[in-house]
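There are 2 protein chains.
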Amino acid sequence: MAKRKVSNLLALAVLSLLNERPMHPYEIGAVMRQRGLADSIKINTGSLYSVTEALVRNQLIEPVETLRDTKHPERTVYAVTPAGRTEFLEWLRSLIRTPFKEYPQFAAGLAFMGHLAPREAVALLAERCKLLAADVAEIRSAIEATAKFVDRLFLIEQEYSLTMREAEVKWLHQLIERIKDGTFTEQKGEQSAWKITHPDPMRPH
Amino acid sequence: MAKRKVSNLLALAVLSLLNERPMHPYEIGAVMRQRGLADSIKINTGSLYSVTEALVRNQLIEPVETLRDTKHPERTVYAVTPAGRTEFLEWLRSLIRTPFKEYPQFAAGLAFMGHLAPREAVALLAERCKLLAADVAEIRSAIEATAKFVDRLFLIEQEYSLTMREAEVKWLHQLIERIKDGTFTEQKGEQSAWKITHPDPMRPH
DNA sequence: TCTATCATGTAACCAGTTACATGATTTT
DNA sequence: AAAATCATGTAACTGGTTACATGATAGA
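Chains A and B are the protein sequences, given in the same order.
Numbering (my numbering) for the first sequence: 6 to 210.
Numbering (my numbering) for the second sequence: 6 to 210.
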């Protein structure tokens with residue numbers, strides 16, 4: 006799977022919106038926010054412009070006109086090219102079909118959890134549970150609210166994110182219980198496993 | 006929450022390993038791989054060195070000796086400083102306690118799924134399901150295998166990742182069903198919702 | 001009228017990635 | 001003994017972020 010020339014997900018959004026009608030970068034950002042896309046794709050004003058440039062360099066979009074009124078700085082309006090449309094669809098298909106290896110921050114935290122005392126670990130995990138539960142509630146009500154105006158089809162990402170968080174909360178609860186009941190601190194007899202050990206400290210030469 | 010001066014998760018791993026004993030960067034990478042940390046933290050050889058430099062700049066680690074034999078290039082061995090230990094623990098706590106806003110690739114894909122025909126969307130989602138299921142099986146057996154040697158405590162990240170994937174698979178199945186049975190294509194009467202619509206195309210000025 | 005915020009963009013900076021380099025081992 | 005791979009690192013490049021700039025509108 007050869008690298009995509011422009012890989013920032015913002016570029017995907019740009020292609021998608023320019024598919025509807027030509028716009029200038031600032032407008033793209035504004036529309037994205039209106040539609041709640043900012044929740045699933047990170048928008049930095051700066052990145053909007055660098056991504057746009059990159060798309061132009063690769064002939065996936067092209068400038069079509071420059072607006073010049075006294076109210077604003079010059080604004081360049083872009084439109085998608087045929088190559089851009091193709092790229093958009095291929096990219097989209099690939100995002101949906103192929104799971105992408107990611108490295109969530111929490112996984113790294115978990116990997117080193119053994120460095121903390123069990124008591125503290127439990128407290129932190131419980132706290133995370135609370136925060137996540139709040140997130141869940143928030144997303145849920147955001148969906149409810151938006152669903153009156155917008156088709157469910159355009160809320161799937163939110164639903165997805167909701168589902169994932171719920172799954173995490175559930176797992177966290179179980180984990181906390183397991184720590185409390187000693188599953189992790191006592192094991193096969195006396196061995197207290199909750200300390201840093203070196204599974205096999207054989208070093209490279 | 007002020008920015009961390011070195012934020013790459015590789016740096017967390019470096020701090021953690023140097024907490025055990027001084028090492029040189031290449032060795033750090035090797036040990037990480039042995040322990041399966043490479044699954045939760047992305048290792049680029051290059052990044053190992055830039056991260057190390059950054060940690061030195063911030064006095065979280067320091068060079069302790071330079072090995073010079075004829076077999077290898079010079080190797081600089083680093084040790085963690087007291088400040089580094091503190092930083093490590095604070096960082097770790099924060100990773101566990103506070104959910105971090107992330108932008109998974111798949112969410113972006115979902116957000117634009119409406120650009121594809123329902124038929125195709127279903128096919129792609131089904132394919133993803135298959136691939137994910139394979140992942141799940143793989144992780145599961147990796148855990149089984151490693152659990153003979155290593156304490157469960159050091160496999161929690163794997164367990165976490167497993168759980169999340171399983172949750173995704175389950176959700177995907179439901180989604181596919183809902184698309185097939187028309188939940189997304191017909192809705193409140195005749196309206197065919199599966200097309201690009203503009204929820205509220207009011208543009209900024 | 002003063003201050004804040006919006007609308008819009010430029011430009012410098014930097015973290016992190018990719019590509020390259022090089023001498024030892026190991027494999028064929 | 002040629003080819004491949006390991007061990008180790010340097011250096012150039014670049015995508016993306018942060019910081020800054022500036023005129024217009026709106027609120028106090």
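Fair warning: there could be bad hints in the mix.
[Said to hold, decoys possible] Okay, derived cross-link-like pairs now, SDA-like style, lysine to any residue, Cα gap no bigger than 20 Å in a straight line:
no.	chain 1	residue 1	chain 2	residue 2
1	B	106	A	139
2	A	153	B	175
3	B	185	B	106
4	A	106	A	95
5	B	175	A	164
6	A	175	A	110
7	A	153	A	167
8	A	10	A	77
9	A	106	B	199
10	A	47	A	143
11	A	106	B	40
12	A	47	A	107
13	A	106	B	171
14	B	106	A	108
It should be emphasised that the hints constitute simulated quantities derived from the structure, not laboratory data.
For clarity, every value in this text was computed on a predicted model and none was experimentally measured.
Hint numbers not upheld by this structure, sorted from lowest to highest: 2, 3, 8 and 9
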